[in-house]
Amino acid sequence: EHGLSRCVMGVARESVERKGWIKLSPLEGIWAVVYAGGDLWPLNCSCSLAVLSQVPRRILVCLDYEAGRVTFLRADTGAEIF
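Using the numbering used here, you'd call the opening residue of the sequence shown number 1359 and step up by one each time.
By construction, these hints were calculated from the structure, which means they are not laboratory data. It should be emphasised that the depicted structure is a prediction, and the values quoted were computed from it without experimental measurement. Treat the hints loosely; a few may be bogus.
As the list claims (entries may be wrong) - Below, a list of computed lysine to any residue pairs in the SDA-like style, where the Cα atoms sit at most 25 Å apart:
hint : residue 1 : residue 2
1    : K1381     : C1365
2    : K1381     : C1420
3    : K1381     : S1363
4    : K1377     : L1401
5    : K1381     : G1426
6    : K1381     : L1398
7    : K1381     : L1418
Could you put the whole structure together from the sequences, leaning on the hints where they help?
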């Protein structure tokens, strides 16, 4: 059942501490989306999330290192999620 499924996916800056308590936020070098209760949203980010009629089954996490940009896309359409 989708309501019981939960996951977090994203990327972390190389300098993020690997041990102990980690604050999951872009200020700490972590960009992620959370899936829980059938919904998808950005984790601790002021970014706006695209309105989704249906949560995608696959998500692409794209990193443009030189531009300092992380983008989350629908794998099936390439549409930007945030």
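Hint-by-hint comparison with the structure:
Pair hint K1381 plus C1365 holds up; C-alpha atoms about 16 Å apart against a cutoff of 25 Å. A threshold of 25 Å between alpha carbons decides the hint, and for K1381 with C1420 the separation of about 22 Å falls inside it, so the pair holds. Between K1381 and S1363 the CA atoms are separated by roughly 22 Å; this keeps the pair inside 25 Å, and the hint holds. With a CA separation close to 20 Å, the supplied pair K1377 and L1401 stays within the 25 Å bound.
In summary, the hint linking K1381 to G1426 is supported, as the alpha carbons are separated by about 20 Å, within the 25 Å threshold. Under the criterion of a C-alpha separation no larger than 25 Å, the hint pairing K1381 with L1398 is consistent with the structure, at around 19 Å. Among the hinted pairs, K1381 with L1418 is consistent with the structure: their alpha-carbon atoms are about 23 Å apart, no more than 25 Å.
Comparing the model with each earlier hint shows no violations; every hint is respected.
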